[in-house]
Amino acid sequence: MMRSEWRDHDWQLIHTLPQSPSLHMALDDVLVHEVGAGHRPPTLRIWEWASSAVVIGRFQSLRNEVDMEAAQRHGIEVVRRISGGGAMFIEPGNTITYSICAPLSLIKGLSFQQAYACMDEWVIEALATLGIKAWYQPLNDITSAGGKIAGAAQAHRGGAVLHHVTMAYDIDAVKMLDVLRIGREKLSDKGTTSAAKRVDPLRSQTGLPREAVIERMIATFRQRHGLADDVLRAGELARAEALARERFSSQAWLADVA
Amino acid sequence: MHGEYKMPGGKLVVVDLQVRDDRLADVQVSGDFFLEPDSALVAINRALEGQPWNAGETELAAAIEHGLAHDVMMYGLSAQAIAIAVRRALDGDTA
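Here the protein sequences line up with chains A and B, keeping their order.
For the first sequence, this note's numbering assigns the number 1 to the initial residue and increments by one for each residue that follows.
For the second sequence, this note's numbering assigns the number 1001 to the initial residue and increments by one for each residue that follows.
A hint or two may mislead.
Claimed, not checked - Examples of chain B residues toward chain A, derived with CB under 8 Å:
(1) K1011
(2) V1019
(3) Q1028
(4) S1030
(5) F1033
(6) E1036
(7) L1041
(8) W1053
(9) A1069
(10) D1071
(11) V1072
(12) Y1075
(13) G1076
Stated by the list, open to error - Below, computed lysine to aspartate or glutamate pairings styled on EDC-like, alpha-carbon distance capped at 20 Å:
(14) A:K108 with B:E1057
(15) A:K133 with A:D170
(16) A:K108 with B:E1049
(17) A:K148 with A:D200
(18) A:K148 with A:D172
(19) A:K108 with A:E91
Keep in mind that the hints were calculated from the coordinates and are not lab data.
Quick reminder that beta carbons are idealized off the backbone N, C-alpha and C, glycines included.
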């Protein structure tokens, strides 16, 4: 397999109506398979959230990470994604989330660290055009002088890589700390005692509506890499809906790491 | 028993386990690390299951390495980091 460039691919954009957290988990699974199998061109998917969620990483312990009682009290759906990394606290207007499904050739020969940075160069550029000086903070964060802006995670499936990122547009830190259990060890090398302080959301930095930030991101991707507007195919959506129901909503998957 | 270790420049490793008949039991490794393929987590837990309660870090790390297929990829995680988290759980040192 030869290393490919972004411009070698016919990039497609999917940006549709708000969907449930479990359907988002399933769509990542289905689309990365479709791209890996060569059934779908490489795709950028911008997520819109239908409800609040906690999304935990593939290898995180449910009971160690989430206060389920608090999550229920706040009406927050807890789901497990297929990639590693840490828990994310999502409220529909507060988060910008996207997935890139690409052939593995795009990151061929790169270290993990390089592969993460490579997949988000366009975002660093988009933020720069909005006046935010941001950079990649290994292993998997986008950060600025003010603090963390986003966290990324990758998973390899067949011939494809899934790279998805959640960016903090705004944050209700009190609610987040109520639902997520954030241990002392986790914060030990961050030089702060408050997880909330580690995040510097885009709203305060740009003064722009969330939709305007997303628009700029899409425009930057289109300009750098090329991007055609696409929609989910009926078969993709049907498979994702079945997976969302049977797997990503199931207690067995959620508590797979108990 | 519960132990945590934040690997320098890496991610958090958490270990929950029991000791039965002087051996590790019900071992669950978790954390915000990256591991490919994801089934390797089961192999890691299995490699630690049944290890002597007084096994050292080096011995535990070797057991993990031995239990993993050659194509397993870790990011923000190492066998050594898991072994340290196991020892912390056993020694009651979560700091």
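Here is how each hint holds up against the structure:
Taking 8 Å as the C-beta contact cut-off toward chain A, the hint placing B:K1011 at the interface holds, the least distance being around 7 Å. Hint status for B:V1019 relative to chain A: violated, with the closest Cβ pair at about 18 Å, above 8 Å. The criterion of a C-beta within 8 Å of any C-beta in chain A is met by B:Q1028, whose closest approach is roughly 7 Å, and the hint holds. For B:S1030, the interface hint holds, the least distance from its beta-carbon to any beta-carbon of chain A being 4 Å, beneath 8 Å.
Interface restraint check: B:F1033 against chain A, minimum CB-CB distance 6 Å, threshold 8 Å, status holds. For the restraint placing B:E1036 at the interface with chain A, the shortest Cβ-Cβ distance is roughly 5 Å, inside the 8 Å limit, so the hint holds. Residue-level restraint check for B:L1041 holds (minimum Cβ-Cβ distance to chain A is 6 Å; threshold 8 Å). At its closest, the beta carbon of B:W1053 sits 22 Å from a beta carbon of chain A; the interface hint therefore is violated under the 8 Å criterion.
Because the smallest distance between the Cβ of B:A1069 and any Cβ of chain A comes to about 14 Å, over 8 Å, the interface hint for this residue is violated. Below 8 Å, beta-carbon pairs count as interface contacts, and B:D1071 has none with chain A, the closest being about 11 Å; its hint is therefore violated. Of the supplied interface hints, the one on B:V1072 is violated, with its beta-carbon coming no nearer than about 12 Å to a beta-carbon of chain A, more than 8 Å. For B:Y1075, the interface hint holds, the least distance from its beta-carbon to any beta-carbon of chain A being 4 Å, beneath 8 Å.
Satisfaction of the interface hint for B:G1076 is found here, the shortest Cβ-Cβ separation to chain A being roughly 5 Å, below the 8 Å cut-off. For the hint linking A:K108 to B:E1057, the alpha-carbon distance of about 34 Å lies beyond 20 Å, and the restraint is violated. For the given pair, A:K133 sits about 18 Å from A:D170 by alpha-carbon distance, which is consistent with the 20 Å threshold. The suggested pairing of A:K108 with B:E1049 is violated, with an alpha-carbon distance near 35 Å, which exceeds 20 Å.
About 6 Å separates the Cα atoms of A:K148 and A:D200, which keeps this hinted pair within 20 Å; it holds. The suggested pairing of A:K148 with A:D172 holds, with an alpha-carbon distance near 15 Å, which does not exceed 20 Å. Restraint check: the Cα-Cα separation between A:K108 and A:E91 comes to about 35 Å, which exceeds 20 Å; the hinted pair is violated.
When the structure is compared with the earlier hints, violations turn up for hints 2, 8, 9, 10, 11, 14, 16 and 19 and for no others.
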